[in-house]
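Visitor: So the chains spell out like this:
4 protein chains.
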Amino acid sequence: VKLWGGRFEESVTDAVEKFTESISFDKALYKHDIMGSRAHASMLAHQGLISASDRDKILKGLDEIEAKIEVGNFVWRTDREDVHMNIEAELIDMIGEPAKKLHTARSRNDQVLTDFRLWCRDAIDQIVASIKHLQVAMLSLAKKNEGLIIPGYTHLQRAQPVLLPHLLLAYVEQLERDAGRLMDCRARLNFSPLGACALAGTGLPIDRFMTSDALGFTAPLRNSIDAVSDRDFVLEFLSANSITAIHLSRLGEEWVLWASEEFGFLTPSDSVSTGSSIMPQKKNPDPMELVRGKSARVVGDLVALLVLCKGLPHAYNRDLQEDKEPVFDSVRTIIGMLEVSAEFAQNVTFNRERIEKALPAGYLDATTLADYLVKKGIPFRTSHDLVGKSVALCVSKKCQLQDLSLDDLRSISPAFDEDVYEYLGVENAVKKFGSYGSTGSECVANQLDYWLAKLGIYKN
Amino acid sequence: VKLWGGRFEESVTDAVEKFTESISFDKALYKHDIMGSRAHASMLAHQGLISASDRDKILKGLDEIEAKIEVGNFVWRTDREDVHMNIEAELIDMIGEPAKKLHTARSRNDQVLTDFRLWCRDAIDQIVASIKHLQVAMLSLAKKNEGLIIPGYTHLQRAQPVLLPHLLLAYVEQLERDAGRLMDCRARLNFSPLGACALAGTGLPIDRFMTSDALGFTAPLRNSIDAVSDRDFVLEFLSANSITAIHLSRLGEEWVLWASEEFGFLTPSDSVSTGSSIMPQKKNPDPMELVRGKSARVVGDLVALLVLCKGLPHAYNRDLQEDKEPVFDSVRTIIGMLEVSAEFAQNVTFNRERIEKALPAGYLDATTLADYLVKKGIPFRTSHDLVGKSVALCVSKKCQLQDLSLDDLRSISPAFDEDVYEYLGVENAVKKFGSYGSTGSECVANQLDYWLAKLGIYKN
Amino acid sequence: VKLWGGRFEESVTDAVEKFTESISFDKALYKHDIMGSRAHASMLAHQGLISASDRDKILKGLDEIEAKIEVGNFVWRTDREDVHMNIEAELIDMIGEPAKKLHTARSRNDQVLTDFRLWCRDAIDQIVASIKHLQVAMLSLAKKNEGLIIPGYTHLQRAQPVLLPHLLLAYVEQLERDAGRLMDCRARLNFSPLGACALAGTGLPIDRFMTSDALGFTAPLRNSIDAVSDRDFVLEFLSANSITAIHLSRLGEEWVLWASEEFGFLTPSDSVSTGSSIMPQKKNPDPMELVRGKSARVVGDLVALLVLCKGLPHAYNRDLQEDKEPVFDSVRTIIGMLEVSAEFAQNVTFNRERIEKALPAGYLDATTLADYLVKKGIPFRTSHDLVGKSVALCVSKKCQLQDLSLDDLRSISPAFDEDVYEYLGVENAVKKFGSYGSTGSECVANQLDYWLAKLGIYKN
Amino acid sequence: VKLWGGRFEESVTDAVEKFTESISFDKALYKHDIMGSRAHASMLAHQGLISASDRDKILKGLDEIEAKIEVGNFVWRTDREDVHMNIEAELIDMIGEPAKKLHTARSRNDQVLTDFRLWCRDAIDQIVASIKHLQVAMLSLAKKNEGLIIPGYTHLQRAQPVLLPHLLLAYVEQLERDAGRLMDCRARLNFSPLGACALAGTGLPIDRFMTSDALGFTAPLRNSIDAVSDRDFVLEFLSANSITAIHLSRLGEEWVLWASEEFGFLTPSDSVSTGSSIMPQKKNPDPMELVRGKSARVVGDLVALLVLCKGLPHAYNRDLQEDKEPVFDSVRTIIGMLEVSAEFAQNVTFNRERIEKALPAGYLDATTLADYLVKKGIPFRTSHDLVGKSVALCVSKKCQLQDLSLDDLRSISPAFDEDVYEYLGVENAVKKFGSYGSTGSECVANQLDYWLAKLGIYKN
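Residue numbers (our numbering), protein chains in the order written: chain A, 1 to 460; chain B, 1 to 460; chain C, 1 to 460; chain D, 1 to 460.
Where hints are given, some of them may not hold.
What the hints assert, rightly or not - Heads up, simulated BS3-like pairs for lysine-lysine below, C-alpha to C-alpha not over 25 Å straight-line:
id	chain 1	residue 1	chain 2	residue 2
1	B	Lys398	D	Lys357
2	A	Lys357	C	Lys398
3	A	Lys132	B	Lys18
4	C	Lys357	A	Lys397
5	B	Lys357	D	Lys18
6	D	Lys18	C	Lys27
7	C	Lys27	A	Lys357
8	A	Lys18	B	Lys398
9	B	Lys132	A	Lys18
10	D	Lys27	B	Lys357
11	A	Lys132	C	Lys27
What the hints assert, rightly or not - Now the in silico label distances, taken between C-beta atoms and shown as ranges:
id	chain 1	residue 1	chain 2	residue 2	range
12	B	Ser269	A	Val75	46 to 56 Å
13	D	Ala445	B	Ser269	53 to 63 Å
14	B	Asp14	C	Lys389	47 to 57 Å
Keep in mind that the hints were calculated from the coordinates and are not lab data. Note that the Cβ used here is the ideal one computed from N, Cα and C, for glycine as well.
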């Protein structure tokens, strides 16, 4: 029989038991559940609600249960519904009466949220570490490829030349904001629901500040109904993961593009590629395709949670049991995406030669040329128009801007002078950039230095 | 080493292997993978691409593998990536050379889609059976409660009286359309991708019509690139599931409301209720809360799949490996929701007495009264206004419409006559309904008969 | 005052009026609302519920209102809430008493669903026409480029050579299923809710079959509560649109890739390209980027509708007023996406020369070579391995498979013979394909013929 | 011709122009666009890139344009694509050559993001103000109803008695976290993209810190590619809105329930209710239904944006033009939801008498009774069981716990004593609560004081 079975005459049907159980997934919370029970038992004893001896038996019993779980000797029982009831019932089996006092001034409603918030706090710390790991990998790749010019794209059309490290550092920036979002979420969720009980608190003389402190929470949540009702902390958490996932999907897309025969910018090592069951020549950048693809489930997890919470009245509704799997899945997935991206970054080689050979195409220096005219005093809109005409001339002559003769250029505008050639060609174009945050060599070097310092990496 | 490893010098890292494996979930396809391989091997032999003796060895080997899997003796290996490679490699281990011929004129790209379409076809059949199961349960409940009048709501405000069977049959209608959507999806997906190979087909003389027939497909897909690229069949499948899930979420909401102290329409039996770990008096309609809640993951699965497919170029991209888990989860969840709803329906009792006692409140006969005035020749808008005034009078007198005296009514309009009392009161109101599809007793009886016949249930 | 104002003493606040009004968007339903009112008025007269003379005044009034709306002379009033009340109140203003009878045996609940189903039916017809339009454009493009070989990709890595028309026809197949989904949806939604009234039907002697026929519906909906409660018809509609949108996002992605400098497969004409405000050389394939991007809002519209309906009890809830804008937006967007894709298809040129020059790279003939070995009696797995080794040799020699000498090949396997060169090179590879649905020239020609006939286009 | 038209020979087709225009919605950015241009022009002059006289003409022209827009005299032209080009082209029309210099060292890519970030910053401030507005309304309602006990629910089953202000304050807590999330988002987005130009920065000697300061940004974004590529700031913004929307959907659900005949807790005034076109007696709490329903579109907007960004390579892609409408819609909707909720809160009356009459049902004091036994030294699990049995006894006797005789109670456990009656009945139960955050009167009074102080409201 269930621990809540006092007024029940029949037990639930098998189908209902199977449909409503959560032990198959919420056992992942066992560590935090035991952590919470330890704090709760110590507080109950401190407040005189249980004896010191009962407390000690409970703590010892919990230790044994934890050990058993960790070596895989604990039998999880579906008829005991969830992680809380499994552990409590086992404790009763082991130590008898004292265990029956553990649930004093506690409900599964506040208990599960205590566990879940502790679990999320740990998960955030892990994700933030994985983010840093990927930042470091990107930074190393940037260092390794200092000075390498690649085409920058808008609309996937060649736009302007950029330094590869400049682009890699854009990801480092985005990842930093991703970590910031998680840390804000962590600060907001790190409050203790323990002692909110079912929803109304309790008349027993508990000390919620004591358990809050013991568990490393900032403070107890101020309102017990709020404490057991809301799931905004996981909505915020999965939102943050979704944004990170979208960032990584863009990295995935970009690197899959770059690994194609047509772009040919990078070659992944065999250790991060896979082959085809039918086409013997294939070498596919699968990990980054999956990084892109797995962003979808992180978004799906968020949507599931939003739909779940929509329109629920206060306080606990059984629907909310469904809050855990999306979170577990989101966390597992995002860590995998971050770690594999880092591994991939450590295993790619940029094809310097091939990139250089392909660089002249696409008039990447056209904007630099327009700036040249601006410096000569021509209004930008007019310069833009004149360079547009120069490009049209190149298209008809099938040549690059730097191949136009001064006469050609002067036929378009008398403002062109011999010094124009210092602005043409990709290398010249890059040299000219100088604004804060731009792709100019010094600007990018400054950014690299900033991040090396910030992430605690010393230059070799 | 991998079966595709010819040109590879290094094996993939552990992290990549773990991130990219699919065997942990796609082994669910084993039955359909073996089914597909049987059809393929037979066709290869028929076309002279392998010998009859090789075919027989392959077929025997597949039988043994299937038996092994079914008794749980098959060792799934992560280093063999997926269900296809696990089975093929095991077959090679078992029977040697002939097994190496099985993948002739086949790629994992067409193989997995063959498996997946077969799996979905079976899943649809199962869901449609569960839908019918729930329809039958609702119908039985309707029969059991013939004649029971409940308040009908709009805006969750009492609107008009309706027969409970009328409302239950509304769900039967919705479920019927749900089944229809699935059958349309089934018809559209039941085409064979086998023989599309990697994406371009093959130069070997295979017969795609033969394998298509053997597997019960309508025909081979006409275009091999389409065959391996598209996932619209699962998008459609999960859309259909999502709509069903939304229907069930509404049922869940309604029954949770009805089980509340305040509505008090129904009482679930103990066998479909659960209690509280802290509040001894609680008896909660958890299964229907979870039905409502689990709709969220079905929607999340659909969204994941939509996000996954967005913006992918042709043909196979590794992202698409992520197509399976959302489908598996959606199918498992929707079947659970349907079955538990049916079980719940079989285990609720409607509280006739209590419902009857509460019925007079809410002026459920106001519209009938307006129709009365219309019959007396008063334009509907005017009638509406006059009845609105009558209700206002009731509110001030704290009585029901039928409690107003004829003088009261005549003070509002001289059109009211003695016969007005045949239109007042909930029972009279229900009696007056007669339009097709309405809540009139005969109309509802006709609907009940229609469904009893259609679902093959005989009247007692 | 509102038409429903009988029992109300205060009018709603401005903020509430503004928040709850729907006239700003549901006026789009005016044509279908008037169509419904015409059918309703005629039926009321036929059933003796209003006089022939009242009906004629109503019909004349509706004609005038429709004309006024169409020339832009109708004043839509927010204080009249919605399209139904605006038209009805205007009719009362115009023709007086008879107009007050129009709402006999009708509620806004069944009225709005009648309008909305009629609107959706028309919208589906329009979308299906746009789908066909795009199919025709793709087919023309396929005809124009018969025989053009391009690399086929999996994992965005070059896989096997395919005929461009083969790939374009894959889209035609997908669009055909898209249209099929819409037609199924159309058949399922084409039932009449009119006469379901608020939720319970009516006691007045209406004829729902008459209005159903007059409006071109298949039949009246069988259950009045179902009729006013469900929104599955729009969920199904927006699901179908979402799948189409995902298909188009993939087309967008592919064409954006192909328009890049690196792929260089196609050049859009100036008439479907745009430039940059800063980079004078840019020519961007914006329409296809937007096609890809706009898929997002179609998915967003679907999700909004799913979230909206989740957990609502029967029957009408005001939430459901929010069902319209997502549908209007989805329809407008998907038609735009289809039409612009067709326009783009009519305005691209494939760069035959450049494609041919780039074709040799990527070992596109490797699978053909494996098939060659299979034909020589070597098991496929072994062939795959041998070709893998041949590719590795090419990589080290920086050459193509056809550049390997027979000695080179024989050093890998003695099975290679002089005839191997008939299988090497992209053109040979394509020639070898022959399976149903494959990229073989004849197979693709058959597909082209099929579609030319099916879409009613004659060959030139 | 377009301002970027230098190299173009044809203008875009009408269909493409219509499909790609953004002026119909991005004109909402005009104020921020002009603000950005003012800062940019001043900086250009300060850096010597344009003359002081040109700057003055530009600033004067911008003033005139702003004035024209505000009085509705500005003609927005679709052929000028977007808000940026409309304003710049108009400026050129007005003041000629100097205007052509405004776009120096600027691209629409950095310009639109400057506008958009400024717009979002203002929008956040507005939403935070609306949140506070609703908090104050809830707080006033709590003050007005101090001491009112209502049933607290879990699983929508009566659980324990709570003070109404306790529950209202739970919403205040949630809203506070909502505001916190927005403020974190505001801090993270308040960085200047201006000067990132197309993606690579510029070679012209601009001062990005100067424009950043002038526009109230914290600093310029450090990496120009990141600056023009990422949309995480709007993803975070819409995530925050979605969480708020979900909170409000729960409020909507709860208040719709409470306004039902069955719950009967509250009555909205006529000024926030609406009626029915057919049922004269109806008075519906429409605003709160719509609050619940409109949460759906806020979620849909977020999903649209997530799908939009998924898988896009760096830097600007035209897809991103689709980022604005979901944000505009989300902001408009969430402000409406907050404001109408506040208005509703100001216009409801709680039905004290009716609530009190209904309170005894549901054994709300059962947990208090279990705590009683705990205080007598009985382990909680045993107490829970004993109270369960007491409830079962009540069910069979059709009475409340307080109606059981001491003999009845002692037949269940000898631990029951005369003092048990101080723990029974709803009022006693509430009195017993004392834990931090609980529903005890003093605890709730403390919370009220906290919020009155925090929100700057003085007690009367």
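Visitor: Against this structure, judge whether each hint is valid.
Guide: Hint check:
no. : hint                            : in the structure
1   : B:Lys398 x D:Lys357             : holds (17 Å)
2   : A:Lys357 x C:Lys398             : holds (17 Å)
3   : A:Lys132 x B:Lys18              : holds (21 Å)
4   : C:Lys357 x A:Lys397             : holds (20 Å)
5   : B:Lys357 x D:Lys18              : violated (62 Å)
6   : D:Lys18 x C:Lys27               : holds (23 Å)
7   : C:Lys27 x A:Lys357              : violated (60 Å)
8   : A:Lys18 x B:Lys398              : violated (49 Å)
9   : B:Lys132 x A:Lys18              : holds (21 Å)
10  : D:Lys27 x B:Lys357              : violated (60 Å)
11  : A:Lys132 x C:Lys27              : violated (53 Å)
12  : B:Ser269 x A:Val75: 46 to 56 Å  : violated (30 Å)
13  : D:Ala445 x B:Ser269: 53 to 63 Å : violated (43 Å)
14  : B:Asp14 x C:Lys389: 47 to 57 Å  : violated (26 Å)
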